[in-house]
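Please build the complex by placing chain B on the supplied structure of chain A, with the hints as guidance.
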Amino acid sequence: MSNETILPGASDDETAVPRDASLFERIANNPRPAAIWAGVLAVLLLLEGGAVLSMLAVILRGLVQAIPGVGAGAYGLNEMVQSAKDVPTLLSREFIPNQGYDVNGGNDGPWAGTFLGLPPAFAWFIRFALVYLYAGALVAWFINGYRVFRRHYRYADWTPRDDVVDRFSGHTWGQFGAIVVLIFIVMALFSPALSPTTVERNIEQPYSYTIEHFDEESGQVEEVFVGEANTNSRSQGGGDSNYGLLSYDDYGRFHPFGTLDSGKDLFTFMMYGARVSLFVGLMAIGLSGFVATVAAMLTAYYKGLVDLATVVVGDSIISIPQLLLLLMAVAVFRGHWIAAIYNRGFLIALIFAFTGWPLLWRAIRGPALQVSSEEWIDAARSYGQRASVTMRKHMLPYVVGYLLVYASMTLGGIIISTAALSFLGLGITSPTPEWGRAVAIGEPYIATQSWHIGTIPGVLIVLVVTAFNALGDGIRDAIDPQSEGGESTEGAMTGGGA
Amino acid sequence: MSRWRYFGRRVALSIPILLFAMSMVFLITRAGPTDPVRNIIGPTSGPGDYHRIAVRLGIERQVMVNGEVRYVDVPLWQQYVDFMTQLLSFDLGQSWVLNPSTSVFELVAVRAPRTIWLGFWSVLIALFIGIPLGFYAGLNPNTRSDYLASFGGIVWRAMPNFWLAVILLQILSNTRKLFGFSWQDLGPDTTVVRAPALDFFADPTMFITSPGAALFGSDGLLAAVKVVLPAALVLGSSSMGNEMRIGRTAVLETINSNYIETARAKGLSERAIVWKHVFRNALIPLVPIITGEAFLLIGGSIIVEQVFAYQGLGQLFFSAALSGDLPLVGALSFIFILLTLVLNIVQDLLYTIIDPRVGYEE
Chain A
1111 MSNETILPGA SDDETAVPRD ASLFERIANN PRPAAIWAGV LAVLLLLEGG AVLSMLAVIL
1171 RGLVQAIPGV GAGAYGLNEM VQSAKDVPTL LSREFIPNQG YDVNGGNDGP WAGTFLGLPP
1231 AFAWFIRFAL VYLYAGALVA WFINGYRVFR RHYRYADWTP RDDVVDRFSG HTWGQFGAIV
1291 VLIFIVMALF SPALSPTTVE RNIEQPYSYT IEHFDEESGQ VEEVFVGEAN TNSRSQGGGD
1351 SNYGLLSYDD YGRFHPFGTL DSGKDLFTFM MYGARVSLFV GLMAIGLSGF VATVAAMLTA
1411 YYKGLVDLAT VVVGDSIISI PQLLLLLMAV AVFRGHWIAA IYNRGFLIAL IFAFTGWPLL
1471 WRAIRGPALQ VSSEEWIDAA RSYGQRASVT MRKHMLPYVV GYLLVYASMT LGGIIISTAA
1531 LSFLGLGITS PTPEWGRAVA IGEPYIATQS WHIGTIPGVL IVLVVTAFNA LGDGIRDAID
1591 PQSEGGESTE GAMTGGGA
Chain B
13 MSRWRYFGRR VALSIPILLF AMSMVFLITR AGPTDPVRNI IGPTSGPGDY HRIAVRLGIE
73 RQVMVNGEVR YVDVPLWQQY VDFMTQLLSF DLGQSWVLNP STSVFELVAV RAPRTIWLGF
133 WSVLIALFIG IPLGFYAGLN PNTRSDYLAS FGGIVWRAMP NFWLAVILLQ ILSNTRKLFG
193 FSWQDLGPDT TVVRAPALDF FADPTMFITS PGAALFGSDG LLAAVKVVLP AALVLGSSSM
253 GNEMRIGRTA VLETINSNYI ETARAKGLSE RAIVWKHVFR NALIPLVPII TGEAFLLIGG
313 SIIVEQVFAY QGLGQLFFSA ALSGDLPLVG ALSFIFILLT LVLNIVQDLL YTIIDPRVGY
373 EE
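Each protein sequence line maps, in turn, to chains A and B. Here the first sequence stands for residues 1111 to 1608, numbered as in the numbering used here. Here the second sequence stands for residues 13 to 374, numbered as in the numbering used here.
Chain A with its partners taken away, still in its complex shape (with noise of 0.2 Å):
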């Protein structure tokens, strides 16, 4: 074969390019296809505008703070922030508001304040779209973006990772799961986009703010704090005091779930609840995958005896069960300033890292040995490679992909336990929402009026772990059609029991 080649399925810039040029110069070569592709994304980030230098002035402040002797207020980064956040951002609050008031009262319109003067339920549904647009749309660029670089810019036709994109991309059920997951984070990141209300405002601080509304008996706009607001807007099941989904309360705010018991809006804290679910998940995923993966390495390739102490530190922490484990170190640590942190959510996600990675790691245990009496390992060994290199770079990247299945599966366990242990009182605390506090404040009405409090939340968590569980399934079928469920997915994926 020459050393001059080329390219794959470029037709139309049917250019020479070496064999061995870097990326960098594959895209010189032909700019055209990138160029497109960045064009795109900075007009995405453009109509993000005010978010994104938001925050990136929010980082650079808390990088130039960080160096020692620089005072809060220095070099006027405190005013930099806050111009960054008054420009103009399209998923903003500022830019499509939803409160409003009915200008002569009744919740039947016109309205003042609103986005074009809609209803105030309009108003907040197309923000709540336009930000699933704009999710969606990063995620297409996204995909493009894989699609233009195997297309123009990679010199191999063919690579075993094209197989495992397109069993995934006809596998139905995984795709499902892909895109349940997709919006659950769009829910995370954007919650204060996608709420009517924020949960500083409604949830935290509610007798901070105030809201305009048009008062029926004065026959004028009058100004309440919010909090005045909830304690007429509750729903508890008996009565005329409730406000289920899709309702109006007496102020002209529009509740998508309806309200909890204490009038503050279900939605909202909904949104805020999938952050810290989130946080969780991953805190704990990042870092008992990165243990288990370690470990993983150490025992497939030395063997014996680290093999052993392995298991027997490993199934010593399983043979605690996980919630007992949750239960003894919430109790241990109350009060202490770890458990202050996020309001218990950064000691939650330690325990689960400290409890999941012995799991983790049986898990991929097999893939691992299995790679490590391949020939190639020994040929390595032979020659001379660091161990470490050799773990990196020949391991490592055979056993990525069932460490993102097991990773999967897992998350959604950790999502029910983290919900559990709220619900039981240990879990996450006032005032940071968290579903399953959802469901301990309903449970009294499920059989009322006011049923939404309790089951909406359990509805999300049970759609969530599905979709973590599909998209575990996808992965596994996508990286490996032959295999099937093993027995050690099955206690993960279900928290443990709770």
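Accuracy of the hints is not assured; some may be wrong.
[Claimed, not checked] Some, not all, of what chain B presents toward chain A, calculated at C-beta under 10 Å:
| no. | residue |
| --- | --- |
| 1 | ASN51 |
| 2 | LEU176 |
| 3 | ILE314 |
| 4 | GLY342 |
[What the hints assert, rightly or not] Some chain A residues close to chain B (C-beta under 8 Å, calculated; not the full set):
| no. | residue |
| --- | --- |
| 5 | VAL1423 |
| 6 | ASP1425 |
| 7 | MET1438 |
| 8 | ALA1441 |
| 9 | VAL1442 |
| 10 | ARG1444 |
[As the list claims (entries may be wrong)] Over 12 Å on every C-beta distance to chain B, these chain A residues come out as not near it, computed from the model:
| no. | residue |
| --- | --- |
| 11 | GLY1219 |
| 12 | SER1351 |
| 13 | GLY1511 |
| 14 | GLY1535 |
FYI, nobody ran anything at the bench for these hints, they're computed from the structure. Since this is a predicted model, take the numbers as computed values, not measurements. Every residue gets a Cβ at the ideal spot worked out from N, C-alpha and C, and that includes glycine.
For chain B alone, kept in the frame of chain A given last:
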């Protein structure tokens, strides 16, 4: 390696596991940030009470210095040795906060039968619903009822126990409003949330001396079953889904194997094939699933018992952890860990007996 040597190695391995797990419990309860003594006496008591309890827990020691009583901290390693020897010789100590000066043995003796009763029924319900459904789906693959059963199984498995328990509890408490009949009056009169009376186990002669009361009375067998059913259904839910899924795949795999084809070619009736050859072989992969359930039951019993106010071991552990009764928490953890390890060994034993290939694969 022979099967029995493999089994022996597994049993031997469980000893270091038990020691290591108990060391973890010791570290959490004794060396953690919470002072077990302060938790017991409360923040307001004086130093006299503190020392009295600390001595009894083995955290401090009395010494006489110049005819004066002084209290000296016992070093942590000494505490560790005491803690381990006491538990391993089954000296479980007593409860301090929850039921002051009741021995742990007494508490466990009252609570354990209820939890075993709950576990028994949840395994039974899961078996008798999950496996038939799975086999049915496997025998009729890709039909509408297969999809319905499979999808139901997937959703059922993803349902959090605590949420299912809450929904079921509320529905059962409001059956009169929702369905027009009352669950409470159905059969023996029992409230939804209570622990079952299992006196008939202690005194089986009841069934002969007063069979009416023993069977149908408010403390009888039927009442005990009725009380345990909702909780057992919730506790068994995830296992039910698992059994269904595995059962379905197992039947599908067996039915497509060569020896079934041979049997069919031989002219064996479809009935004989299904009952004699498919079902019996399909049951093998279900054994580890069923024993594996036990782990879910131990963890899950904490939640389910708490929601249904079913006063078993799980609920005892929960209240102990909540009230900071750390000596009780430690003793109960020991029981749970021991239980898990014993179940592990039983599982290995079953494997060894059923599957001759065990031990040959490395």
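Verification of the supplied hints:
Of the supplied interface hints, the one on B:ASN51 holds, with its beta-carbon coming within about 9 Å of a beta-carbon of chain A, less than 10 Å. Because the beta carbon of B:LEU176 sits about 8 Å from the nearest beta carbon in chain A, less than 10 Å, this interface hint is met. At a threshold of 10 Å, the smallest CB-CB gap from B:ILE314 to chain A is about 5 Å, leaving the interface hint in force. At its closest, the beta carbon of B:GLY342 sits 9 Å from a beta carbon of chain A; the interface hint therefore holds under the 10 Å criterion.
Look at A:VAL1423: its Cβ gets to within about 7 Å of chain B, closer than 8 Å, so that hint holds up. Using the Cβ-Cβ criterion of 8 Å, the hint placing A:ASP1425 at the interface with chain B is satisfied: the shortest such distance is roughly 5 Å. Nearest Cβ of chain B to the Cβ of A:MET1438: about 5 Å, under the 8 Å cut. The hint holds. At about 4 Å, the closest approach between the beta carbon of A:ALA1441 and any beta carbon in chain B falls short of 8 Å, and the interface hint on this residue holds.
Here the hint on A:VAL1442 is kept, as its CB sits about 4 Å from the closest CB of chain B, short of 8 Å. Against a cut-off of 8 Å between C-beta atoms, the interface hint on A:ARG1444 holds, since the closest Cβ of chain B lies about 7 Å away. Residue-level check passed: A:GLY1219 sits 37 Å from the nearest beta carbon of chain B, beyond 12 Å. Residue-level check passed: A:SER1351 sits 18 Å from the nearest beta carbon of chain B, beyond 12 Å.
With a least CB separation of 21 Å from chain B, A:GLY1511 remains clear of the 12 Å interface cut-off, as annotated. Listed as a non-interface residue, A:GLY1535 fails to keep its Cβ farther than 12 Å from every Cβ of chain B; the least gap is roughly 8 Å.
Hint 14 alone, counting from the list given before, is not met by this structure.
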